[in-house]
Every structure is written in C-alpha cells, then in structure tokens.
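**Student:** Listed here are the chains, written in short residue letters.
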Amino acid sequence: MTVPVDELRLDGNAAAGLLDQIFAFEVTSAAATCDGCGKISAVGALMLYARAMGAVLRCPACAQVMIVVTAPRGSWCIDLRGVRIMQIAATA
Amino acid sequence: MATRGFSPKRSGGPPGRVPPGQHVVTDFPVLSAGPTPRSQLATWTFTLEDEQSHELHRWSWQELLALPSTEFTVDIHCVTTWTKLGTRWKGVSFDQLMRAAGREPPAPYVMAFCDGGYTTNLPVADLRGERAIVAYEYDGAPLTPEHGFPARLLVPHLYFWKSAKWVRGLRFMPVDHPGFWETHGYHMYGDPWREQRYDGD
Amino acid sequence: MMATKVTDAATAQRLPTLPRIPWREVEILEIVTETERVRSLVLRVPDWPGHVAGQHVDVRLTAEDGYRAERSYSIASPPERAEVVLTVERVEDGEVSPYLAGEARPGDRFELRGPIGSYFTWSASLPGPLQLVAGGSGIVPLMAMLRHRAQHCHRVPARLLFSSRSLDSIIYRPELERLVSEDAELDVVHTLTREVPPGWSGPQRRVDVDMLRDHAVPRHQRPHIYICGPTPFVESVADAFLTLGNDPAAIRTERFGPTGGKG
Chain D
6 MTVPVDELRL DGNAAAGLLD QIFAFEVTSA AATCDGCGKI SAVGALMLYA RAMGAVLRCP
66 ACAQVMIVVT APRGSWCIDL RGVRIMQIAA TA
Chain A
3 MATRGFSPKR SGGPPGRVPP GQHVVTDFPV LSAGPTPRSQ LATWTFTLED EQSHELHRWS
63 WQELLALPST EFTVDIHCVT TWTKLGTRWK GVSFDQLMRA AGREPPAPYV MAFCDGGYTT
123 NLPVADLRGE RAIVAYEYDG APLTPEHGFP ARLLVPHLYF WKSAKWVRGL RFMPVDHPGF
183 WETHGYHMYG DPWREQRYDG D
Chain R
63 MMATKVTDAA TAQRLPTLPR IPWREVEILE IVTETERVRS LVLRVPDWPG HVAGQHVDVR
123 LTAEDGYRAE RSYSIASPPE RAEVVLTVER VEDGEVSPYL AGEARPGDRF ELRGPIGSYF
183 TWSASLPGPL QLVAGGSGIV PLMAMLRHRA QHCHRVPARL LFSSRSLDSI IYRPELERLV
243 SEDAELDVVH TLTREVPPGW SGPQRRVDVD MLRDHAVPRH QRPHIYICGP TPFVESVADA
303 FLTLGNDPAA IRTERFGPTG GKG
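Residue numbers (my numbering), protein chains in the order written: chain D, 6 to 97; chain A, 3 to 203; chain R, 63 to 325.
These aren't lab readings, by the way, just hints derived from the structure by calculation. Built from N, CA and C at the ideal position, the CB exists for glycine as well. A hint or two may mislead.
To be verified - Now the in silico label distances, taken between C-beta atoms and shown as ranges:
#, chain 1, residue 1, chain 2, residue 2, range
1, R, Gly169, A, Gly202, 34 to 44 Å
2, A, Glu139, R, Arg217, 57 to 67 Å
3, A, Asp52, R, Arg76, 51 to 61 Å
4, R, Arg284, A, Arg19, 38 to 48 Å
5, A, Gly202, R, Asp270, 34 to 44 Å
6, D, Cys42, A, Val32, 35 to 45 Å
7, D, Cys42, R, Asp301, 19 to 29 Å
Could you put the whole structure together from the sequences, leaning on the hints where they help?
**Tutor:** Encoded structure:
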C-alpha cells in the first residue's frame, strides 16, 4: 500500500464523550447513512478529525462530512446535514 | 479544584506577545478537519474568483513561485489555545497577487477555498498592507503535507483557523459569509487580542 | 376534536437512553508499575455505574491557575471489578501522561467522566471466536476484554496478537502468561519490533499479512476482530485482515492517533 497513513484520523468512538452529552442514546452504535454515497456506518466507525475544535465526522467510504459538533461558548452546535438517516436499535 | 502536582509545562511568554487565554508551545501542533490532501504540482493552480465563481486570474505553481516573494517572522495563535512565537514563512503577499493580477479587489470580503473542501472567510482589509501571504515555505523549507503543502494562506494577526491549509484560491464576496468553522459557531472575524473565539464573543 | 393517534411503534419500544455522565472526583488507591514507562492507576470512583469492556473515560486535570487538560484513556479493568483501573503510558513531552504515569501518588484526586463509547466493546455473551490485535498501549481495552472473558465459565475461543518494541516493554506480560496457562481456549502470540532477547523464537517484525495467516483466527471461522494501537498500526493491520478476505463489518478499530501522539 503506498497511500500515506492519515495519522490525524481517529475513530468516531473517540468523540463519544462529546456526542454522549448531546444525544440521549448511545450514538456511537447508531447506524448513519451517508448523504453523499449511501454507505451505512456505525457512528463509532466514522472518521474523526479536529477533536480539539469539536468533532468532524466523515464517511469512511467517501470522506464526506457527516456530522460536525462544536461547543461555542454557552451552546452546542450540531450539524447532521451529511447524515441522511440515523438508525438506533430499540432496547429490549 | 486543582489537581495536586499537576503543573503543565506551559509558559506565559514575553509580556505583550501572548494574547489572552493562550499559552506558548515549542512544537507545532497539527489540526485538520479532514484527510490530508495530496496535491499534484503539475496541475495545481491558485485562482482569484468573483462571487459567481468566474475566474479573474489564475497562477500555476511555477507562476506563483516566480512572483516577488515576502518573508516574515510572526507569532501564530490557534483557537485551541496554543501560541507559537517567531515562526518564519515565505510566500507571495495578497498585495503582490493583486498587483500581478492587475486589478483592485472587486469586493470587500473573500472566501478562501482549499483542496479537501475547507473554507474560511476574511475581510479584504485584513489581507492588504502586507498582512497576509500565500505561504509555500515554513522555516526555510517547503510546507509538509500535514502543514498545508503546497501552499497555505497565512494571516497571522487572526486565529490560525483563518490561515487555510491547502489553499487553492480566494472568491471575492460583497457580503461576509461564514466559512467552515464560522458556520459551526466560531467567530466570523477571529481577533486573538479580543479573544474572539466563538460567535458572539 | 379528534385525538391524534401517535405512531404505535414509537410508544411501544424504548430508546437505549444514556444516563447523563457527570464529571466525578476520583481517588488513586494504588499505583502499579507495569513497565518502565507504563503504570496502572487503581481508582475509587464514587457512584460508578459500571462499564462494558472496551469503553474509555475522559480524565481532566486542573492546574493551580485554572488551566485544564483533558485526555481519554481506555479502562483496563473488567466490569466485574469494583475499582476502575486505567493503564497509562508516559508520552515524551506529553501533558497529562507525565502526571498520571509519573508524578501521581496514592491519595491524589482528579476528575473523570465515563464510561464512554459503545462501539469498541465486547462482552462475554457475544459469540466468538475473538481475535484481538494490539500495538503497544493499544493492549489496554483488549486486556479489559480478556480479563472480563476470564471471569466467565463458558468462554469463546480467543487469540491475541500483541506487537511490542521489546520484551521488557510488553505490558501485562506476567498476567497474560497466567491467563494462557489457565485457559486452553486462549492463545497469545507476541511479536517484537525493535529488540529481541537471545533465544527468542517468536515473530520479530511488524504485524503483516503472513503473520495473520500464521497466527490469527482464520477467516472462515468468522472471528470478531478488534484492533487497537497507534493509527499507522491499526491501518496496516486492518488492511491486512481485508487482504485475507475478512468481512469489514467484523473488524472494529480504535486508533490512538499518531505514534507518540500528544499525551
């Protein structure tokens, strides 16, 4: 493989501490459909960048931005534009 | 409630050099909103566009390097609170680009756009007066991929998210519109001396 | 006015809601030296809700002037243990790890939030076989899984492939030896990448396709694969599993960031 390793990329699971404060459910196991290419990934498996500024979660297949979360002073700012559908399994 | 024995090695820096809420680092942290773009210099261009995305002027890599260059040594301030003093850059100033294009800026704002899709907005007034360059060297060597190779915008008097990596051009806008981080709650202008990190600061 | 009928499905089933996860002040009960650069912290966490193996916590340190630094650490202890144990590697020029794996002493307190993350988890009720691959300190969440597995009588077959720089840098080595000696269904293979002791008969290189072919659970047995460590390590091991034809959906990864990244 000659593709250089993207050392800055983490897994979406590493943003769980931030995301769990916003969503009422375990979002890292939710299945998110990419609005760009249609691939369905667990949020925990998305590509995570820029954790120091918030979280930018991208589709692992096409790199489209799916979720952006930031915490500007006094609020949460959530962008789910890149997620067409998010599906959460009901609990027993 | 302080943690006993925790005293991070951060320094306050020389008086007057470090904006509020910042601390000085000696390394050069890297932050990116996406995968590192891999550019082909043979097809790389830097473009000035009007608000309809019509091209006003373009330079190839060789043409950019042939323009008179500027070198400066500046302090840089990241909104994530690190500040790095005395960083040395070389590139082509915005003023020089406009001279080479033979025109005045057609609008008071720009959106910088980049490989990988990143954008950030700036007032033209903050690019003029030799305050901003399209940088292609850091510390005497070409930029590395994670630091923006082949070229990044450098606007050191604003928070460093405005110094867009992998920059490919500037689109002039009559009205200020938010770029990537600005859309997500970061400040439209970003003056570190007034601690303008977030919208509303 | 007619009553509006609410969708039956939405009222009939339950969302797996999360309890709010607050910052808690925790106390260090004991510090265990694992290797020269790695220490485990045994913590008393008040009102700890319990966790699943593979989850992590956020740790927050506050300096005298109010400056705060936060990092995430995988939980090393199994859910069956009352104390929460973190294993921390001291990173050169790190900010938080020199404190946790250096300065900290029993009795010290800091803040912790967790448990966090539901994606990179494993519990003994899941089917096997289990294939774990660790690079350096990537062993921590996988060790929580193995410790949890050891608490159960009915154990799925499990294999660990563990890459370390040298024999002395292998984290948890004595305990892994003990777990293997007590369990016919557990295999551990160590590969060393920098320094090899005399007489070493194990692999001595980075994990690659051939090593997986020789030592990992074969694809046709449909293993559940967990890979953890520095980002370049995780990428190359995941690619190697894909090259061998493993189902991408069966592979879970936890990238720790760049090698020697900011700790």
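**Student:** Hint by hint, note whether the structure agrees.
**Tutor:** Hints versus structure:
no., hint, in the structure
1, Gly169(R) with Gly202(A): 34 to 44 Å, "holds (42 Å)"
2, Glu139(A) with Arg217(R): 57 to 67 Å, "holds (58 Å)"
3, Asp52(A) with Arg76(R): 51 to 61 Å, "holds (55 Å)"
4, Arg284(R) with Arg19(A): 38 to 48 Å, "violated (59 Å)"
5, Gly202(A) with Asp270(R): 34 to 44 Å, "violated (52 Å)"
6, Cys42(D) with Val32(A): 35 to 45 Å, "violated (27 Å)"
7, Cys42(D) with Asp301(R): 19 to 29 Å, "holds (20 Å)"
Going through the hint list in order, the structure does not satisfy hints 4, 5 and 6.
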